[in-house]
Amino acid sequence: MFRNQYDTDVTTWSPAGRLFQVEYAMEAVKQGSAAIGLRSKTHAVLACVNKANSELSSHQRKIFKVDDHIGVAIAGLTADGRVLSRYMRSECINYGYTYEAPLPVGRLVVQLADKAQVCTQRSWKRPYGVGLLVAGLDESGAHLYYNCPSGNYFEYQAFAIGSRSQAAKTYLERKFESFPGSSRDDLIKDALFAIRETLQGEKLTSSVCTVAVVGVGEAFNILDQATVQALINEFEISGEEAPATASVAEEGAGDAAADQGGAAAEEEVAPMDI
Amino acid sequence: MGNVITLMEESVLSTHKAEMDTLLTSKGDSQRTQYPYVTGTSVIGIKYKDGILMAADMGGSYGSTIRYKSVERIKQVGKHSLIGASGEISDFQEILKYLDELILHDNMWDDGNSLGPKEVHNYLTRVMYNRRNKFDPLWNSLVIGGVKNGHKYLGSVSMIGVNFEDDHIATGFGNHLARPILREEWREDLSFEEGVKILEKCMRNLLYRDRSAVNKIQIAKITEEGLTVSQPYSLKTFWNFAAFQNPTVGAEGSW
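If you're matching them up, the sequences are chains S and B in order.
Using numbering that gives the first Met the number 0, the letters of the first sequence map in sequence onto residues 0 to 273.
Using numbering that gives the first Met the number 0, the letters of the second sequence map in sequence onto residues 0 to 254.
Treat the hints as calculated values from the structure; they're not laboratory data.
Just so you know, these numbers come straight off a predicted model, no measurement behind them.
Keep in mind that a hint or two might mislead.
[Stated by the list, open to error] Only pairs whose alpha carbons sit at most 27 Å apart, straight line, appear in this in silico DSSO-like list of lysine-lysine:
(1) S/Lys40 with S/Lys124
(2) B/Lys117 with S/Lys40
(3) S/Lys40 with B/Lys48
(4) B/Lys147 with S/Lys40
(5) B/Lys117 with S/Lys64
(6) B/Lys78 with S/Lys40
(7) B/Lys48 with B/Lys151
[What the hints assert, rightly or not] In silico contact screen, one side only, chain B against chain S (beta carbon under 10 Å); selected entries:
(8) Asn106
(9) Trp108
(10) Asp110
(11) Gly111
(12) Leu114
(13) Gly115
(14) Val119
(15) His120
(16) Arg125
(17) Lys147
(18) Asn148
(19) Lys151
(20) Glu187
(21) Ser190
(22) Asn204
A virtual CB, placed ideally from N, CA and C, is assigned to each residue, including glycine.
Start from the sequences and build out the full structure, keeping to the hints where you can.
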């Protein structure tokens, strides 16, 4: 995308009927590190790539528990994601207090989408720069939704967002038809395979990824590192050592807020500019 | 520029202040519910094999006068629930308005989810407790029952927000006259006929002993399939007890 005279304000349409600020917000999601989600009839799994900025710092939290039956994985501006998670938790708790019943995921997702839409129609606001994969359980089974900065939301059998998510999506597209009947463990295995796709050759260990599950009879919980590593070893999916260790180090030194996934690509473009 | 206020602005400001004052003073003068006027008496609810059965008479008393004899005190709420009320009839109508709005918004989501009896019960508990905290209660005892996804639910809320769930519920005089019968005779897996028989026994007892009861009752049934409310009917009563034949025999001053 290139700069143009219609992209300064979110309240300015382009002649082609586009809101560029909203589209730029969706770019921010693409720059974040990968998050994937998939579901069967009874379970939903979220997994994400967790890269720390340096060996000295901790990983950024990208998966949040919203309620016993709902969890969310984010990609993009993690600060925006935290604020939206807090909103979701608040809504769930208020509903639970009034009705003593869990807030149906479908309704929470609509409320979230309406909240995002407001930011696309106020001159003094900016769109949220975060994409959310909401996994939850309600009376009709497990659900996975994707909430966009544009205020749109979609329901998915499986989806991936963030940098190099296309690789994961390709893998998921091959396997998704089997997901509705999958067992909980098979679903987690597929999630880890999909994460491995986004790492593009780098070794998959539990220190670079986070996995969370929610299902019938199982409250939303983030699996601990040891469990994840055991699953990785069991499924023998660590893959070979990454030859692209150089690019990995560069990304490690990248910016905090929206972890740059496109650093490698930009290196190639720059010389041609001259 | 400074503090120049035009004549027009000044008058707007003063009327605005006057409005504010009347709002504040009228709030101070507003009445709160001190006592009920038109009241309904007991409601009884029980769980049975297929769902919930609820019974109430159709009387609306104005103090000691039985003024209204066709008051429907059991109503449907959404797809899955029934509500029965004793106490102030006008407050019950107000509650029905709240519930109507609640169900309307629930339906407007149009997403296949719907509020069940448990959710309605808890919502009403919040409402009743909230009003009680403002010293302006809705003067009712409510019974909420229903079936959703195979789960039977029966609960009650009082005017001060006391709420609980049970296999059989009664309000008002029913607490004293009907519950002992229910404790003895209620079982899991009652058939419809058995349930009605138990309810009729309770209602008859209330008819004999509760002065605000009228002999015109309705029994409502709610199951997974839906709700039916019976047509109003009367219970058979028996008054030919020996002690009633010659009541003044042996009394002081009689002959």
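How the hints compare with the structure:
no. : hint                  : in the structure
1   : S/Lys40 with S/Lys124 : violated, 38 Å
2   : B/Lys117 with S/Lys40 : holds, 25 Å
3   : S/Lys40 with B/Lys48  : violated, 30 Å
4   : B/Lys147 with S/Lys40 : holds, 21 Å
5   : B/Lys117 with S/Lys64 : holds, 25 Å
6   : B/Lys78 with S/Lys40  : holds, 25 Å
7   : B/Lys48 with B/Lys151 : holds, 9 Å
8   : Asn106                : violated, 13 Å
9   : Trp108                : holds, 6 Å
10  : Asp110                : holds, 5 Å
11  : Gly111                : holds, 6 Å
12  : Leu114                : holds, 7 Å
13  : Gly115                : holds, 8 Å
14  : Val119                : holds, 8 Å
15  : His120                : holds, 8 Å
16  : Arg125                : holds, 5 Å
17  : Lys147                : holds, 9 Å
18  : Asn148                : holds, 7 Å
19  : Lys151                : violated, 16 Å
20  : Glu187                : violated, 24 Å
21  : Ser190                : violated, 29 Å
22  : Asn204                : violated, 34 Å
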